[in-house]
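There are 4 protein chains.
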Amino acid sequence: MNSFGQLLRFTSFGESHGTAIGGVLDGFPSGVHIDEGFVKSEMRRRRPGQSAITTQRNEQDEVHFLSGIFEGRSTGAPIAFVIVNSNNRSADYDNMRDLFRPSHADFVYETKYGIRDHRGGGRSSARETAVRVCAGALAKLALKQLGITVDAYTSQVGALALDKDYRLYDLAQTESNAVRCPDGAMAVEMENLIKETKRKGDTVGGVVTCVAKGVPAGLGEPLYGKLSASLAAAMLSINAVKGFEYGNGFDAASGFGSQQNDIFYSNCGRIATQTNNSGGIQGGISNGNDIYFRVAFKPVATLLMEQPTVTRDGTETTLLAKGRHDPCVVPRAVPVVEAMAALVLLDHCMLDRAGKVFRV
Amino acid sequence: MNSFGQLLRFTSFGESHGTAIGGVLDGFPSGVHIDEGFVKSEMRRRRPGQSAITTQRNEQDEVHFLSGIFEGRSTGAPIAFVIVNSNNRSADYDNMRDLFRPSHADFVYETKYGIRDHRGGGRSSARETAVRVCAGALAKLALKQLGITVDAYTSQVGALALDKDYRLYDLAQTESNAVRCPDGAMAVEMENLIKETKRKGDTVGGVVTCVAKGVPAGLGEPLYGKLSASLAAAMLSINAVKGFEYGNGFDAASGFGSQQNDIFYSNCGRIATQTNNSGGIQGGISNGNDIYFRVAFKPVATLLMEQPTVTRDGTETTLLAKGRHDPCVVPRAVPVVEAMAALVLLDHCMLDRAGKVFRV
Amino acid sequence: MNSFGQLLRFTSFGESHGTAIGGVLDGFPSGVHIDEGFVKSEMRRRRPGQSAITTQRNEQDEVHFLSGIFEGRSTGAPIAFVIVNSNNRSADYDNMRDLFRPSHADFVYETKYGIRDHRGGGRSSARETAVRVCAGALAKLALKQLGITVDAYTSQVGALALDKDYRLYDLAQTESNAVRCPDGAMAVEMENLIKETKRKGDTVGGVVTCVAKGVPAGLGEPLYGKLSASLAAAMLSINAVKGFEYGNGFDAASGFGSQQNDIFYSNCGRIATQTNNSGGIQGGISNGNDIYFRVAFKPVATLLMEQPTVTRDGTETTLLAKGRHDPCVVPRAVPVVEAMAALVLLDHCMLDRAGKVFRV
Amino acid sequence: MNSFGQLLRFTSFGESHGTAIGGVLDGFPSGVHIDEGFVKSEMRRRRPGQSAITTQRNEQDEVHFLSGIFEGRSTGAPIAFVIVNSNNRSADYDNMRDLFRPSHADFVYETKYGIRDHRGGGRSSARETAVRVCAGALAKLALKQLGITVDAYTSQVGALALDKDYRLYDLAQTESNAVRCPDGAMAVEMENLIKETKRKGDTVGGVVTCVAKGVPAGLGEPLYGKLSASLAAAMLSINAVKGFEYGNGFDAASGFGSQQNDIFYSNCGRIATQTNNSGGIQGGISNGNDIYFRVAFKPVATLLMEQPTVTRDGTETTLLAKGRHDPCVVPRAVPVVEAMAALVLLDHCMLDRAGKVFRV
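Residue numbers (this note's numbering), protein chains in the order written: chain P, 60 to 419; chain U, 60 to 419; chain W, 60 to 419; chain X, 60 to 419.
Just so you know, these hints were derived from the structure itself, not from any lab.
Watch out, some of these pointers could steer you wrong.
Where chains are identical, the list cannot tell them apart; a pair therefore holds if satisfied intra-copy or between any two copies.
The calculated DSSO-like cross-link candidates involving lysine-lysine, where the alpha carbons are at most 30 Å apart (straight line), are [stated by the list, open to error]: (1) LYS254 <-> LYS99; (2) LYS381 <-> LYS259; (3) LYS99 <-> LYS415; (4) LYS99 <-> LYS203; (5) LYS203 <-> LYS415; (6) LYS257 <-> LYS203; (7) LYS272 <-> LYS415; (8) LYS381 <-> LYS254.
Only chain P is shown next, with the shape it has when bound in the complex (with noise of 0.2 Å):
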């Protein structure tokens, strides 16, 4: 199940250590100028190696566009890319075509398939991710033209953990550091703890938030394609993530209704809310309020340190892994977290107007 969305429908391939990845983006809307330098500012954002705080792996990855654009603009035929794998050391991984890596997805793989690519973790593996992002981009043209934007930012690293709400930091900073934290402080704490991590051989965990303005009230498809629902979905087919949470989330729990209601108003007419805790979804659909929400990553489960585990015949050993890897997840998942938004909203976008048959 490589595909993901119900109009705007996103099939994904390719494995971390084969030739190519790529994906597929169907049901995409004519007439959309594809802005190419955009899409590769997008990869750039997400690519291996980009820093000092990322893999090493050194990726350029570089969209090729196969279909389903003619003289700069799409046709409404699926949209084809690929992206060559140009940086394997596959031969790190030979130590791990018989073992298990610990909390890695390479047993679960081996019992569901029988069979499993054990390169870097074959089709498991976060480069898969990249695909995402080229998608994601395609969707950002679109929803610009509907005058939606998806910012994300880094808002945790381990204990380090941003204490405010969303607007009250720039976003445009986030783009200004490593760590894609838009508070410049915190960002070099960040980066400090996961150099330090790095250091150990270890990896950390951390939280991305994000942001989208400009959505119009009307978007989700209740009961069982709620906006939320779509969204926690897209979240949690992202490599390491545990938790999906929007408006005030998991704090939701521990209050009352009387200080959570967003309490309607009139301004100069037009119907807002006073807050803003529902994170602009209301019964699965969006309110006319910004969405956001935030999203948990567990520590990379890679450790450059040796770890015990098993062999697949149960014979028990241990790993000491090579290859390379991001110590910490999170500053290249904020693209990916603002790819996935970006496709979920669009389709959402179809799916409203596909209901609005009548209405000219």
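Given chain P, work out where chains U, W and X should sit, using these hints.
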């Protein structure tokens, strides 16, 4: 989009104050003995009016099966069922025809569809969850044949939260108190908090924890049909849910890989893990360990105290809800969470089996 | 897989001799006036016992709507409805419990599911088509607002076949005779053939031709959601259908391109075609011309004469069916073909609209 | 909607004169030996320029697999592949930029999408069927392990039609002539007709008959996922197809039940039927007999003679096509029909297996 699932496809219909609610469960395996007594007992766990801490709307919630069952067993044909709405008091909602209840779906439904059944929230009412429980009961009957069980419990009400791992509670105690908390002392505190909240006309949120045991390794369809993503979407489709996490969830974000990796070892030749921080899911696929996750519910939006709001044309007004409402949705949400989890798991059993077309 | 459609999703349930049959129409646009009188009149066109040439099972086929309609208009919520089975004579089928009727679905259902409701064919009975007609009536009400009409008629019964193009008949005459043939003289012949066939205890096949007018250019989602493919699947989902062709269909195979191409010309500035061999569909997409297609029905498999067959354990025996059956399914299939076509067309209107998210 | 199938999900991309065409086959079972030699031989059967009676566009149609295969076997991950377009002569189509070819998809694509890749028909070109053949070859490899074979042949070209049942031909002879007709004498006549037609700059239609053997009873998901409906949709998704019939098809319409019912008998204890008018499918489910069906193709719309037409703005003009085109599409359509049938059958094997979750 009132259907859910891939191969086990559940479709739900009905409004809070319409003639009836109901559902169609399609793709259900043939030959399963349909124990109607079990269905009844599950319905009673969600039934309104079941205790002093729930809404006093008095619905018997008797399920009438219309199809798909022959001589007590499922036939493979769609199983349809209806539950008649008998205890409507639609007049309680007359004052809501033209105004929008804060933090309810009234506003977004009206915006999206241009028309709204205002009586009891219409389609957006949590009354719909009754049909989920019925469908879930059928799924549980099938899962039982595969040795899989699903049990949820109340782990938090407002600020009162269980602080231990699910393995340290006796889940057989969950049904021994009205709040469905397996810790008897905490249950009393929670119940008091709910009663106190109700007295004030207020509402309070909470958390449900769910545990599935006996799930074989291999369930989950990477990359976009991950078991974790399916569970997340299922939970976010439930009214009032604001967050989902599995395994160590958001806590994973604050820790290090060296602490959190689940180390494999050989348990008498069988491959096992020393810990289960992964919550039984690796790379989106079950690994044979217990699956556990947590679901955050916001406080019910309908308060029995006066709140400011606006009418459809933007005029500011106040609302004092009548109707009968839960001061805390969590105790009755426990069977709903189980039901959705059971539907997801059975669907994934079938998906996994489909791929094993060559392995008799 | 008892659902049909992409965005307009129709789910059907029920067995011939169960409590009730019914359906859920999900994704139906909001705000459509639900003319229950029209639904009734459509149901009467398919109703058993309507004339001397149909089965004498006497079902009123009264539709009870359970949801999705508020104050006479659709709300966007799923529209569920049930039709009670009142005139069962299940005992007529007692002798079929352990044997398989020739050319019926008995054998394959038993093989596939390991259990079978033998009463009246259970789920495989054409009784299910009643729910299609109800759903189709709703679709027609919506299509009417878009200026689209769907009309079918009997064009062949046994060897008696209309030999002219649909444009040469007055389709307003279709309902003027029991056989639903717009040519009055042929209708008499067909009716006599059916009566004669019935007298012998035999059954006879036929063809239904269907015409949709007012369909705008642009419906159909290439390459695998072609309008022609959707119509074909819809028609082949109807019991007893053995073939589908649109435009000049199988005749196209025997001719030359120079004869069959539909030549474009300018009709007062509007692009039009001189002929319509394409049946209104080019490359899977509607071109604005009338859409027309033909559907072949085999003779009803249940004969009122003795036939050899086998029992479940392979013993040879004979079967003399009791029950009440149509000697020719075609006259009652006319509204079923229309209904399925209407569902397909409305679904495709919505799909096409979805892609036009940028074009107000 | 460029995907096809439920569990075995095939996505296709690419335009006739773009960089490449290709596909992604998702859900393919793991562990299947991928015989690339077989894939090549299937590709050659559809390849342009293969004989004097096909288009002279000279494409090698070499398939490059990008993913999903590890050490020669399928892994359960999506199998992506590309076929480079090497022999484009886009300039041949310059005169089609602003006009619409009669009975082509040009007009409807422009209407639907507002933009059109005019070179060689862009996405609507039959060149896309190359990727179907590749995907179908993979499906055949899997079906072979289940004992299922799929063989098609040319049964009609223009007015020249085989008049006997498929059982009376030696299908091993199909590949012995360029037209792919198992009857050698008829093959010569057909070939002559095609050559004569080509000489005139005209085109001619035809029929492909397809037979699947070894299909177990039980495939097909009633009521809306019938095997017959899936096959019909698959065939109608192929360019130029105007009709589909299975078993005795349209002939069934003209006959009586007493002649056409397939009578069961006991063949050494195994339940069998005396005839196979049903074409191996009853009630939408395979019954263990051979499945056979016929597919009607219209004449290719591109003629090498002058035709009147209109430009985009409605001006009347004439068109004399350059390009290289098939005078009859049927010989090269034979492997395409097989490929689509193989994809349908494998998908249904998986769907059927999914429902048997309790039966090891």
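>> When Cα atoms must be at most 30 Å apart, do LYS254 and LYS99 count as within-copy, between-copy, both, or neither?
In response: The answer is within: 27 Å in one copy meets 30 Å, while 51 Å across copies does not.
> With identical chains treated as interchangeable, where does the CA-CA distance between LYS203 and LYS415 reach 30 Å or less: within a copy, between copies, both, or neither?
Replying inline: both (21 Å within a copy, 15 Å between copies)
>> My question is about LYS99 and LYS203: at a cut-off of 30 Å on alpha-carbon distance, are they close within one copy, between copies, both, or neither?
In response: within (17 Å within a copy, 44 Å between copies)
> Between copies, within a copy, both or neither: which fits LYS381 and LYS259 at Cα up to 30 Å?
Replying inline: within (14 Å within a copy, 61 Å between copies)
> Between the shortest in-copy and the shortest cross-copy C-alpha distance, which are at most 30 Å for LYS257 and LYS203: within, between, both, or neither?
Replying inline: This pair counts as neither: shortest intra-copy Cα distance 38 Å, inter-copy 46 Å.
> How would you label the pair LYS99, LYS415 (within, between, both, or neither) given a Cα cut-off of 30 Å?
Replying inline: Between copies, since 27 Å is at most 30 Å while 35 Å is not.
> 30 Å Cα cut-off: does LYS272 pair with LYS415 within a copy, between copies, both or neither?
Replying inline: For LYS272 and LYS415, both the intra-copy (22 Å) and inter-copy (22 Å) Cα distances are at most 30 Å.
>> At most 30 Å between CA atoms: does that hold for LYS381 and LYS254 within a copy, between copies, both, or neither?
In response: within (18 Å within a copy, 58 Å between copies)
Hint compliance for this structure: hint 6 alone is broken.
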